Amino acid sequence: MSMDLPLISVENLKKYFYLQSGLLGTKDIVVKAVDGVSFDIYRGETLGLVGESGCGKSTTGRTILQLYKPTDGRVIFDGIDIVNTNSHELHKLRTRFQIVFQDPYASLNPRHSIKRIISEPIIIHHLLHGKELDDRVAELMNLVGLNPVYMNRFPHEFSGGQRQRIMIARALSVNPDFLVCDEPISALDVSIQAQVVNLLEELQEKLNVAYLFITHDMRMVKHISHRIAVMYLGKIVELANCNDLYETPLHPYTQFLMSAVPLPNPKQEKLKKRKILKGEPPSPINPPKGCVFYTRCPYASDKCNFSSPELREIKPNHKVACHLFES
Amino acid sequence: MSTILDVKDLVVKFDTIDGIVNAVNGISFHLDEGETLAIVGESGSGKTVSMLSLLGLLPSPPARIEQGKALFKQKEGYIDLLKQNYHILSDIRGGEIGFIFQDPVTSLNPILTIGQQITETIIRHLGKSRNEARFLAFELLEKVGIANPIVRFKQYPFQLSGGMRQRVMIAIAVACNPKIVIADEPTTALDVTIQAQIIELFKQLRETLHMATIWISHDLGVVATLADRVLVMYGGRIVESAKVEDLYEKPLHPYTIGLIGAVPGINSRGSKKLISIPGSPPDLMIPINHCPFAWRCNEVEAKCWENIPTLHQIEEDHEVACFLHESAKVY
Amino acid sequence: MQNKYTITTSDSLLDLQISLWDKIKRIVRLLWRDRIAIFGLLIFMSVVFAAVFAPWLTPYQPLSQNLYASKLPPAWIKGGSWDHPFGTDNLGRDMFSRIIYGARVSLGVSFVGALIAATIGVFLGSLAAFIGGRVDEIIMAPINLVLSLPYLLFVVFIASVLGRSLINVILIFGVTNSPIFARVTRGEVLRIRQSAYVESAISAGAGWLRILIIHILPNLVGPLVTLISFQISAMIFYESGLGFIGLSVPPTIPSWGNMLAEGRRYLTSYPWLTTFPGLAIMYTSLGMNLLGDWIRDISDPRIRRARR
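Residue numbers (my numbering), protein chains in the order written: chain C, 1 to 327; chain B, 1001 to 1331; chain R, 2001 to 2308.
Please keep in mind that the hints were generated in silico from the structure rather than gathered at the bench.
A few of these clues could be false.
[Claimed, not checked] Incomplete in silico selection of chain C near chain B, CB under 8 Å:
no.: 1; residue: Gly161
no.: 2; residue: Leu263
no.: 3; residue: Arg274
Bear in mind that the values here come from a model prediction, so they are computed numbers and not experimental data.
All C-beta atoms in this analysis are idealised placements derived from N, C-alpha and C, irrespective of residue type, glycine included.
Using the sequences plus the hints, can you model the full thing?
Encoded structure:
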């Protein structure tokens, strides 16, 4: 599954948004959506990216794919720095990474047939024409479990789960090595979520695609990921193998996160002593000066208020950004 | 434990241009004092429509309550909610039965302050004066865990976060110490840690106020942590009804089994494929005279296509509507 | 046991084979429910018909004067004859023919004017929305200024400066109506540009030209057609307004507005001189408005569903 060199290396990625406010646009507000994020993803593996709303996980996914221009940092894709590459090269490279969006109801142009939707990436990159194109669309539809007979229908004739499959087919149409899945199942019913997740797993095995699986669903991410990164307010606070993270979460925020997830097991739930995280997350407009979690961390010390901890490897393959673990 | 709400054979339909939507197809259940009943189902299962119909919150037309009784226990005796007029229902709503909606963004009036919305309810149902109501409102805001209630009182919904807005909704719902609170997916739109806060709050309130709760959800984890009993709905019908432990340990209906299997539990990656239920939720416009789940059921047999299964009691407090379990006692 | 039923049915509406005949039946059913809209459509078509086939429909030339037959009342009033069903005006010109020919001016001015307005407005609005930033501000500033002026006064002012001619009227309407198109287009383009499917196209590598032509323009059609129909109806009013104060097309061309102006003096003595052009204006505007309402309703899928 993992080869020596990572497929993607994200180095200190930053994305700030500059908003104007005040009467004459004088006050400049900086939203530090992504504030120094680094991780690697290897071929054929799934890295789960979890966090709650406002933590910057969606922005991270989009910035990696250069849908937003990064404010700082690098993204090395298969040895090429795609942040600083010219637009022509970037355009050609786009066949190798794609994205699946969250909302299956808004992500498909309602006026296009699904054949047109699925084949759009192929057409943009001038890869196939005519009969070959049709065959490829049929092949993709079969791959995601849709009957190719329905190629000429329109999005509103399909259910949410099927629309999500259409998006996946479209994303896979150009044979990418890497897929960013931005909350791909949040808008679906529970029974349909399982269908889509199973499909994604199958496809990963068949096609050796790597996934960045962005979600807030702590249970699903555990099922599908090999490794997981936890984000809070624009920074990664913990990064570990899936099992390690769930068995021994080190960062206080991760512990709260794990504890908050209700499991479908009534007896356990009744006995469980839950750690409740108090307060609300601060806004990314005014992040705390030191550690981003300082305002809500029960173990915070003065040091945490002044200096932001680095993401350090504490155990093999287990990184944490927390002063508690610095000796 | 006495029964505080008894619903029998509720049928709700919608008259639309494309046909009649059979949203709720004959459900019966009861709610006892102080207990928490969870209703589980996916979109189109009828869970929200059935609760809204009890309180007259469905726009009719196009909604139509075709039949059914909803006996609600008041001091003087039972009344049938479905037969009451608007005025009586609006007395009960907020007064004796509180309702918490799913989306706090749209359920709070954006041009009224938080304080106004809470006091409005208190004045309406408890007949207090404005000052008394304000005082009660401050107490309520504290009770639901909102810091600085005096400041928050004067704020507008847009100045509060999602979690806080939901707390305000809870405050409004429990302001008049209702006998029943119906909560329609109140934590679905919230982050996991905020959801945990709200659930914790709810458990506290439940203890101090002794209210019965109907909690609608599609999240089997939330249900496991809150419910005493569970109803599973599919295609506008109740397909299984059980105590919460029994439901998770011995699920009987194939849909329930599929739902529980579709939620990744404690298993880590790769150990088990999720059980996915093939197909999609049914089209409620097509009237059927067979089991609504037959299309998607892995255990379907010929007899499932011939009749609609009704709820049969399998053991104490565990009923299921499935022909596979016909041999048990007829309810 | 694997469920063999699942994939073949219940998955979606896909399996309902909707034949062409079914589709036609559905449209007819929708139209019948919107009988008022049909009414609007019929009105609209009758006016177009009148304008197009004017020479064949009218017994007289609209300009031919016959002072011996001047100021005749309509046929159903004592003194009138069916030779001149709507009577004649002070110069003996047949009212019926003038009304029919007047349709040409009203429709011509409003159609062509609307077309010009739409072209200019859509272009500017798209440019502003697409490029954004400074360009957006530069384009929208004068547009917002014009929109905040009282429209009729503005038009009157320009018309009085430029003088009376058919071309002038069309151009004036074309230019002065473009701001509303620009604003609506800009709003729609901004909205569509932020939509998820455009983002999806960008991530697939689409360039801005492709996005504009394939994704944005087709989704603009609905709101634009609606706006055009309402603007046409408005321009018919404005033309008659201009005509009434004598700033519309020259008096040699029969227009309803001109007819109103000429008949004003005889309002109490020969009321039909103003009544018929007034009715014609109302009739046409009503038709366009009903039609516009209907188009707006059917092109917005949300309202379409809610109209049940």
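Are any of the numbered hints broken by this structure? If so, which, sorted upward?
No hint contradicted; all consistent.
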